[in-house]
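Assemble the complex: chain A is given as a structure, and chain B must be docked to it using the hints.
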Amino acid sequence: MKYLVIGCSSAGIHAMEAIRQKDATGEITCLTKEQDLPYGRPLISYWLEGKIREEKMSLRPQEFFDRLGIRLCTGVEAVRLDLANRSVLTATGQSFTYDRLFLGCGGKPIVPPIEGLKAVPHFFFHTLADVKKIKLLVTPEDKVLIIGGGLIGLKAAESLTSLNARVTVVDLAPHLLSSIMGAGAAYMVQEAICAQGVEVKLNNSVAAVRMIGPRELAVTLKDGVQLMVNHLVVAVGVAPNLDLVQGTALSHRRGLLVDQHMQTNISGVYAGGDMVEFREMLSGQQKVVGIVLNAAMQGRVAGYNMAGFPLAFDGSMVCNSLNLFATNIVTMGESTAAGENKEILVSRPAPGVYRELVFRDGRLCGATLINDAERAGILRHLIYKQVEVDEVKEGLLAKTPQLLEIPFARWDEYYRDLTA
Amino acid sequence: MKRVYCNEKYCVNCHLCEIYCLAAHSPAPDLIKAFSPSDGIRPVARIQVEESRPRSMAVSCRHCLHPLCADSCISGALTKDPNTGIVLSDPEKCVACWSCLSVCSIGAIRKGFVAGRPVSVKCDLCQGREIPACVEACPNQALTYEDRGEN
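Line by line, the protein sequences give chains A and B. So for the first sequence, my numbering puts the first residue at 18; every next one is plus one. So for the second sequence, my numbering puts the first residue at 1114; every next one is plus one.
If you are wondering where the hints come from, they were derived from the structure by calculation, not from laboratory data. Take these hints with a grain of salt, some might be off.
Derived SDA-like pairs (lysine to any residue); straight-line CA-CA distance at most 20 angstroms [as the list claims (entries may be wrong)]:
| no. | chain 1 | residue 1 | chain 2 | residue 2 |
| --- | --- | --- | --- | --- |
| 1 | A | K410 | B | R1166 |
| 2 | A | K73 | B | A1228 |
| 3 | A | K135 | A | V255 |
| 4 | B | K1206 | A | D53 |
| 5 | A | K68 | B | A1228 |
Derived DEER-like restraints, expressed as beta-carbon distance ranges [said to hold, decoys possible]:
| no. | chain 1 | residue 1 | chain 2 | residue 2 | range |
| --- | --- | --- | --- | --- | --- |
| 6 | B | T1257 | A | E44 | 41 to 47 angstroms |
| 7 | B | L1144 | A | K410 | 38 to 44 angstroms |
| 8 | A | N102 | B | T1257 | 55 to 61 angstroms |
| 9 | B | E1164 | A | L362 | 19 to 25 angstroms |
| 10 | B | D1152 | A | E44 | 47 to 53 angstroms |
| 11 | A | A329 | B | D1152 | 45 to 51 angstroms |
| 12 | A | R365 | B | D1152 | 28 to 34 angstroms |
Note that the Cβ used here is the ideal one computed from N, Cα and C, for glycine as well.
For reference, chain B alone in the conformation it holds in the complex:
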């Protein structure tokens, strides 16, 4: 399946991927409104830039073949779509127990809010967009969206 890959060598630690991810997952997909939403709860980015100077790298969900997050989910909120392979979190079902945070071996799931409720949020590969917002925004093409023939 197609996934987002980060080439650490080209990551320049600009955090634009986070900003555009956050905007893409805001109720109003607009940068200014995303950062000052009407309910006061700023959505969190589903991709995170790690820094360990001079290195940096953006980390987001691998959509694992056998996702531990879904395996550990007590409510059935996290599932891997059998057709697309995308691991999705259903905010309606999530009870914010944070089991998924405790098992994701790359730390790609975050605490967030949907409709004022605490829920786990994660990369959904920007459903409805051809290219995920993070990849589109990356100025140095450190992020790519490609099918490397992995499951």
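For reference, chain A alone in the conformation it holds in the complex:
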């Protein structure tokens, strides 16, 4: 059996690991356009801040690929998919054939329709190459405008501030991080960010941009205000990377469509991670949930099925944890509180700590936790399994989550689930 894996990030790595667990002899080849061993994408902000060296960024060491007998082809970009002949063509004209194909092509930054953007230099904040470019070109006291106040935009703001750049963040929404949290929690985050000198402009966006000199850009905001900046960072979100899929018979909407075995509409072709959409557990709707955990789980499910061992993916759910300016932020489930029939309870168990829990029908369906990550995974489990928690609501709000206080069926049974 010949397995071909395109992309070597979380989804691809877990797919290959699963394939090898079930098929000791199959030939596994992985193509990645990255030049080196796969690295954790979210680590790029740590690299820019000088908190991590490049050689420490690899998700798996070379030894991992050697042990699993994976032929890892770095710097090789897949450019065309020939489903009829079961082959993939690379940018340099090489052809790789397969019996089973896994697509883990990830996402790519969305380019907003801003007048003049294409004609001026701008950064993304997506790959190690992006932050290397930033490190090279941004000098202290430079003015940087970041378009987008989401996770990526704010991580960019944090690391650029550490380079002593003067950072402004502009976002369309009435509050920061609007895709993952409500206004109350976002206000706390905003306070922490502004205390570090970052300027935040909300309910606003960039209408036009033009170059007025070397390293000088004139930016016109929607509200008419003009800004002079040295650099632009575009961080308005990530969309599934369907470059390889376009023009083929593979079905897609926003993301590539897969069944519960992570197989596409074409037999033998599987996919996972940021490029696919799947049923989201809580809403029941098809969504692209671009988080590392989701990619890993989907990759594993795909890998088992590719090797002939049926396993179903039961659904995705958002869960994020990140640090911004020494503030830890965890969000999970339907944490933006939008939607009907929800009860939102907020507590501040200690100074600087914020806990917002969203309930629906006696069950937890979302949480936003600021500086409150301790044992937070217990809450995630309650959301994921939609456990009835009406009786223990007050305890969940007031105290660090404890297993003993949660009405699970039986602990020993649940423990067994984790290892079965």
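Chain B in isolation, oriented as in the chain A frame:
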């Protein structure tokens, strides 16, 4: 694989498992030195006793078959050893994003310090010891170290 199991009925809420875990994971594996280390940063126990009177129970890593902590790890610090099944956190690689804390469904991972840096810490089944320190210290044999035939 062999795991640490807690029989809630026999747990007497003494917290000795925490104390001996902490000592076993100190640079100086000595109780007194562990509680007053020279760098002033007391290591945290990788097992935690939960209390909901009159019940109590010690919780530590299950070394899950498919660990969510490792799945969510952004840096590759958390991995499940393919040979032993032990889920380990590499302090050299951990960037303290706390993704693992946000997904561990039993809350078995804690914020700790290694070499003065904040990192996630968790049960490693006391590598190098025949019986994990928590199990050895349990006066009522609520904690056992056994292979129940689970993966």
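Now the hints, each set against the structure:
In summary, the hint linking K410/A to R1166/B is supported, as the alpha carbons are separated by about 18 angstroms, within the 20 angstroms threshold. Proposed proximity of K73/A and A1228/B is supported: the alpha carbons are some 17 angstroms apart, at most 20 angstroms. Of the supplied pair hints, the one linking K135/A and V255/A holds, its CA atoms being roughly 18 angstroms apart against a limit of 20 angstroms. The straight-line distance between the Cα atoms of K1206/B and D53/A is roughly 17 angstroms, inside the 20 angstroms bound, and the hint therefore holds.
Only pairs whose Cα atoms come within 20 angstroms are accepted, and K68/A paired with A1228/B is accepted, the gap being roughly 15 angstroms. A hinted range of 41 to 47 angstroms for the beta carbons of T1257/B and E44/A is consistent with their spacing of about 44 angstroms. Between L1144/B and K410/A the beta carbons are some 40 angstroms apart, a value that agrees with the proposed interval 38 to 44 angstroms. For N102/A paired with T1257/B, a C-beta distance near 57 angstroms keeps the hint of 55 to 61 angstroms intact.
At roughly 24 angstroms, the beta carbons of E1164/B and L362/A sit within the given window of 19 to 25 angstroms. For D1152/B and E44/A, the hinted distance range of 47 to 53 angstroms is satisfied, since their beta carbons lie about 50 angstroms from each other. With their beta carbons about 48 angstroms apart, A329/A and D1152/B fall inside the hinted range of 45 to 51 angstroms. Range check, R365/A to D1152/B: about 32 angstroms between beta-carbon atoms, so the 28 to 34 angstroms window is met.
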